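**Q** For reference, the chains in residue letters:
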Amino acid sequence: NAGVTQTPKFRVLKTGQSMTLLCAQDMNHEYMYWYRQDPGMGLRLIHYSVGEGTTAKGEVPDGYNVSRLKKQNFLLGLESAAPSQTSVYFCASSSFTRGEAFFGQGTRLTVV
Amino acid sequence: TQLLEQSPQFLSIQEGENLTVYCNSSSVFSSLQWYRQEPGEGPVLLVTVVTGGEVKKLKRLTFQFGDARKDSSLHITAAQPGDTGLYLCAGDPQGGSEKLVFGKGTKLTVNP
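Line by line, the protein sequences give chains P and B.
Just so we're aligned, residue 1 is where the first sequence starts under this note's numbering, counting upward by one.
Just so we're aligned, residue 1 is where the second sequence starts under this note's numbering, counting upward by one.
Isolated chain B, as found in the complex (with noise of 0.2 angstroms):
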């Protein structure tokens, strides 16, 4: 079984301050996902990382995937009380698989 283990689990922080979030796994990954789900929202995709060492920003986010493709860490900076939300990864399995993998989440909570 291939299984994303993501830390922290839980996440509180203020405003204007800088977290980082990890997804590990003892598996290579073919290419890793992240996406953001609001309360009561599906999740939505953020970004996907596919080559080893691979760093992506979208505005504030930076997203880097392992060079052996094991791992992948999202940073941000400056937090907001809108980037408040559940962050998942999801893995491609390297050798084949119909479907995602995902890891259970990091509840980030960024008060004002």
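Pulled out of the complex, with its shape left as it was, chain P reads as follows (with noise of 0.2 angstroms):
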């Protein structure tokens, strides 16, 4: 099983551009999460989904944006990039609320 995949795992954005940050899960958990991860601030999330068609706001929501509309995938849009957002993203999932986290192996985001 791939369990949870991160695409891309490396980007370089200019200011003001877009993207989408992709993740999939094959365990058919119901919990998805968006994190950030920076040095000294550890791991603060973004946005997470507790199931097909849900979004919540996080702790650092601010400039992104999120989807779920099917239950096994959960897309992280930039919709003007800055490079306050330059980080490492990573996409969690979990079969029940709290439960244990299972990681993707990460996405490092550079924005210029």
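Some hints could be false.
Claimed, not checked - Derived lysine-lysine pairs resembling PhoX-like cross-links, with alpha carbons at most 25 angstroms apart:
1. B:LYS99 with P:LYS70
2. B:LYS99 with P:LYS71
3. P:LYS9 with B:LYS107
4. B:LYS57 with B:LYS107
5. B:LYS99 with P:LYS57
Because the hints were derived from the structure by calculation, they are not lab data.
Keep in mind the model is a prediction, meaning the values are calculated, not measured.
These two chains come separately, so use the hints to put the complex back together.
**A** If you want it as structure tokens, here you go:
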């Protein structure tokens, strides 16, 4: 099983450009999460979903949008990238709320 | 806000030494999870502790949940270079929440 797969793994954007990060899980998990990880800041929750068709804001949602049209996919969008969004982004899923989180390998995004 | 404070933030030791890292909060958690993250990878769950005072062992790693369920510790005996990584604790806040709370992590380096 692939578990949680994130695409792309690396990306460089210019300020103002848009992009979508894709997260796919094959474990039939209800819950999915998007985090960003920055040095000294730990994992910060951007948005999350408790099931297909639902989304909710996390700790740092500004500048990001998400969609969960299919249970297995959770998309993170940046409409107008800013240098402050340079980070490593992780997607995670879990079978029940606050249960073991399975993480993808991360997407390293640089905004110049 | 339920915060998890991890200490120390950085730890560099020689192979064969013992070490303990801590995860503390002023809030009560229903359970605590410990993850290890290796460079370029996503975090991977090591253990979940649920009962106050609970001790779990995973080979050379010993995890303890505080009696009051506000803190946890991870002790590594005879550390090896393969133990190098970022250790994260994550808590399930008592009282209901749809998401885990993560600490900022302890970055461990074990030198040969």
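**Q** The structure should be examined with respect to each hint, and the outcome stated for every one.
**A** Hints and how they fare:
Annotation: proposed proximity of LYS99 of chain B to LYS70 of chain P holds, straight-line Cα distance about 20 angstroms (limit 25 angstroms). Straight-line distance between C-alpha atoms of LYS99 of chain B and LYS71 of chain P comes to about 18 angstroms, which keeps the hinted pair within the 25 angstroms bound. A threshold of 25 angstroms between alpha carbons decides the hint, and for LYS9 of chain P with LYS107 of chain B the separation of about 23 angstroms falls inside it, so the pair holds. Under the criterion of a C-alpha separation no larger than 25 angstroms, the hint pairing LYS57 of chain B with LYS107 of chain B is consistent with the structure, at around 21 angstroms.
A distance of roughly 11 angstroms separates the Cα atoms of LYS99 of chain B and LYS57 of chain P; the hinted pair therefore holds under the 25 angstroms criterion.
Consistency with the previously given hints is maintained throughout, with no hint failing.
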